[in-house]
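Novice: Given next are the chains, with one letter for each unit.
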Amino acid sequence: MMKVWEVYPLRVAFLSIPAALLISAVAITLLPPSVSFWVSGAVFVFSAFLFVAYAWGRHAGGLLVAPAIALLFIMNIFPLLWSFGLSFFHYRANRLAPPRFAGLHYYEKVLTDPVVWDRLQVTAQLVVLTVSLQMIVGFLLAMLFAKQFPLRRVLLILVLTPMMLSFVAVGAFFRYYYEPTFGLLSQAVRVFTGEPFVLLQSTAGAIAGIVFADAWMWSPFVMLLVLAGLVSVPKYLYEAASIDRISHWRRFWNITFPYVRSLLMLALLFRTIEAFKLFDVVFLLTEGGPGTSTETIAVYVYRVSFQYFKTSESAALAYILLFTVIVLTNLYLYFANQRNRT
Amino acid sequence: MSATDKKSLAERLGLKVYSGVGNAGWGRTLFAAVISFIYFFPVFWIILTAFKTHNDALAIPPKFIFSPTFENFVAVFSRAYSAGAAAQDTGFALYFFNSVFIAGTSVLLALAIGTLAAFGFSRYPLRGNDTYLFIILTTRMLPAIVVIIPIFLMFRVAGLSGTYIGVILLYTAFNLPFTIWMMKSFFDELSPDVEDAARIDGSSDRRVFFKICLPQVKAGLAATAVFGLILTWNEFLFALLLTGVDTRTVPVAMAQTIGGDIGVRWGLLAAIETLFLIPVIVVTFMLQNHLLRGVTFGTIKR
Amino acid sequence: MSTIEATNLTKTFGSFTAVRDVDMSVGEGEVVCLLGPSGCGKTTTLRMIAGLESVTEGEVKIGGRVMNKLPPEKRDIAMVFQFYALYPSVSIGGNIEMPLYHLGLSAEERRQEVARVAEILQLGEVLERLPGQLSEGEKQRAAVARAIVRDPNCFLFDEPLSRLDVEQRHSMRGQIKEVLSGLSKATVIVTHDQMEALTMANRIAIMRDGMIEQIGTPHEVFSQPRNVFVAGFIGSPKMNLLDGRLLTVKDGKATIELGADSVVFPVPAAAEALVESHLTIGIRPRALEPVDSPSERSLTGQVELIEPMGAETLVHVRDEDERDLRVVLPRERKVKPGEVLHLACDLTQTHIFDDSGLAVR
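Chains as they are written, first to last, in this note's numbering: chain A, 112 to 453; chain B, -10 to 291; chain C, 55 to 415.
Among the clues, some could well be false.
Claimed, not checked - No farther apart than 27 Å at their CA atoms in a straight line, the calculated lysine-lysine pairs in the DSSO-like style are these: (1) A:LYS258 <-> B:LYS290; (2) A:LYS258 <-> C:LYS292; (3) A:LYS346 <-> C:LYS307; (4) A:LYS346 <-> A:LYS258; (5) C:LYS115 <-> C:LYS128; (6) C:LYS292 <-> C:LYS388; (7) C:LYS390 <-> A:LYS346; (8) C:LYS231 <-> C:LYS292; (9) B:LYS200 <-> A:LYS346; (10) C:LYS292 <-> C:LYS390; (11) C:LYS292 <-> C:LYS307; (12) B:LYS207 <-> B:LYS290; (13) C:LYS231 <-> C:LYS115; (14) A:LYS346 <-> C:LYS388; (15) A:LYS220 <-> A:LYS421; (16) B:LYS52 <-> B:LYS200; (17) A:LYS258 <-> C:LYS128.
The set of hints was computed from the structure by calculation and includes no laboratory data.
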């Protein structure tokens, strides 16, 4: 007997998504949250299975992929769609009141909210500063390690370590170093000024503190990528350049840089995506202060959703972040694929 | 990876010098050593502080030479909360156990599921393969805060928050995109000839996978697992919101101690950090050849 | 003045000696080919001349000046690399222009120079393209153009034709020779292909295990190989090298025992000292001619394998001592496997090497 997905496999699988959306929207409106969760969960698991069945019918590969897709569906896609649904409703996670339909109210609110724009500005400021610092420091470090020399690998490990550390640990270190009375920074400054130095007190100082910690942590990442570009330059090109008596400046721009260019672009995008999410370091170092001067958008979303419990608003906000990250990720993959192909 | 395995210890440590263009001598070593040490200094200082007494840790000017003590390490696990009181368990033994247990279990699960999926994506491209892979990567690139709001609600409704099952499930999903992309990049590199030959000789797909492909990506599996362990071990925000008192991991506990009762006991905090960092540093050394691939989720191989 | 001189040139990598006591000089307008099997040290020698490899011992002189300690950029040389080493992100025109920046020419003068060599090497159409968009042959010509665009002390070529297919190789050989003949510079070409060396070089230096075995004109190394190695290396098909024993020498004629056969050859006087010792006879495949009946200068064997080569046929003949003799016969001469041939040696093309492999002259 022909099963329905064997006849119209793709159509059934794809139709199941809007159907699932519709059912869960209705469920969320009409039923109490604890029931609507299971209803919508079940609907989405079902549509995930439809996709798997479709894939299975076509290729053996579907079976291999199925468990992963199913898990991601349950743990990532489904929650995302759920919160997408919530963003159209009035809902607060700390109240018992059932969600009421709100339409685009929250998107409108979020997009016109000066606070949001301010937080985005703070984020942009931090992103620009930290990413450019990382690019510069990373590039210089890569130049330092581009040549072969004794003990290179050991020294490389010392430099690479920060990026493998936890944000919390890094946040904790720098809290210690920025400490006003006996922190190393304050003590160093006191040698010159005679006054204890409270870095995180001023806006500029707090931004500098965060940027320094984040850039310290992630410059090795840029270095690693640039280094990959530098060592991929065939040695004979440099030999030819020395025989052709090309100046070092021209050598750099015509030979070295083209090999590093694509990797720099990738490093830039990757770091921008990551810096855009800047949360842990800010949270641990300044908690957004002084005032809200270092409150990044990620910290703001955290506050809105888990301190003020404006669940719907935070969901709408989250979707704007999601959109940005999707665009950046797409760009990143485009460049990565281009590079892997050549 | 076989090439790196065969390298002598001297080569691995970078002691052996190769002749030709692109070679700098000990002068560069000296310069790089200075820079590297300055770069590593924040970590080094924390480790040093972990061995200082409370007074030494707060000394002005900072002390480079001091008599080391292990009291901080003891106090991480058990200390008196007020002067004169009996030493109590701080719970850190449990937190370390949680970190290890949760990271270990979820990485193993993700590795099992993800390797299969990576093989599927690599060898049996579905229609819209790139789209699937893109969505998978995006879920990893998303700000944690975006994903966590609905998951938080979901866990609350489903009664999973604060349980091992919930956290492990979450971290498995968290590690999965990374595992899939990493393992796919390793599978993509294998030469298809051997597999074709095995198929022609009548091996089943399952046999090809287990007997031919898996053994070739052993190093990749290890690298992926270790990377996943570090990522999970370090993760903070999910843990902050979704672990309970009994399932709390070290990063959360550490963050809480910063503002908590030991806020000014830097030696103690440094000891916690040192215990927390040492495995990561050791592992970074082991992973050196796969670092680039690991930190870019397998999107850049070389 | 454009000359290259290498004296006692030696290069060691750790305990491995790549080049040992190489002595050679290249005069103005002369093309010398370094020829040898892979790993013989020819490329290392070239790289030492270029300054890309440090010299362990000995001296490199270019244009009469000692260059040992100078980096490549100070030696004023031009080099064509095996993989062309075209700068991948720079257009072909830009690539050819590169060596000119150092000379302080104006943009217009540079453009003219590029146009001039592009004309010589027929690159006018591809000047705007990137190296990746060129065929192997065009890349090769671009690499040569970049080398000849300025007026260096000498030219160095590292396996210049190894990446081309047979046909392109043939035409490039001619082109390079033509271009070089118009420049009157000292030129060193490294190659493992003897046809390349024989056609392009004024003199050939044959290397083995880091040492020069013989240096001489193409004619000399072919007709008067100094030792067994050179004899076997130069010439295609390979020379037949047969072990034998010198029985007697009388009136300048030697009787040599070659397994079952013994042959009588005219030998130089020096051979008299070698009576009763082992030696190697070298006979070129084209110096063997089938005759009707055996004589005192003929060898006998059975035809085993026939390889048609077009105009000629290569025949493998197995003699009674199970030795494989290569014989080149004209196409018209038909042979069948199993046929017994008596092969007379052309005495003018026969070489005698003593026990240590040196030619006896």
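Novice: Now tell me, hint by hint, if it's right for this structure.
Specialist: Verification of the hints:
| no. | hint | result |
| --- | --- | --- |
| 1 | A:LYS258 <-> B:LYS290 | 20 Å, holds |
| 2 | A:LYS258 <-> C:LYS292 | 46 Å, violated |
| 3 | A:LYS346 <-> C:LYS307 | 58 Å, violated |
| 4 | A:LYS346 <-> A:LYS258 | 11 Å, holds |
| 5 | C:LYS115 <-> C:LYS128 | 13 Å, holds |
| 6 | C:LYS292 <-> C:LYS388 | 22 Å, holds |
| 7 | C:LYS390 <-> A:LYS346 | 55 Å, violated |
| 8 | C:LYS231 <-> C:LYS292 | 26 Å, holds |
| 9 | B:LYS200 <-> A:LYS346 | 39 Å, violated |
| 10 | C:LYS292 <-> C:LYS390 | 22 Å, holds |
| 11 | C:LYS292 <-> C:LYS307 | 26 Å, holds |
| 12 | B:LYS207 <-> B:LYS290 | 16 Å, holds |
| 13 | C:LYS231 <-> C:LYS115 | 24 Å, holds |
| 14 | A:LYS346 <-> C:LYS388 | 54 Å, violated |
| 15 | A:LYS220 <-> A:LYS421 | 12 Å, holds |
| 16 | B:LYS52 <-> B:LYS200 | 57 Å, violated |
| 17 | A:LYS258 <-> C:LYS128 | 22 Å, holds |
Of the hints listed earlier, those the structure fails to meet are numbers 2, 3, 7, 9, 14, 16, in rising order.
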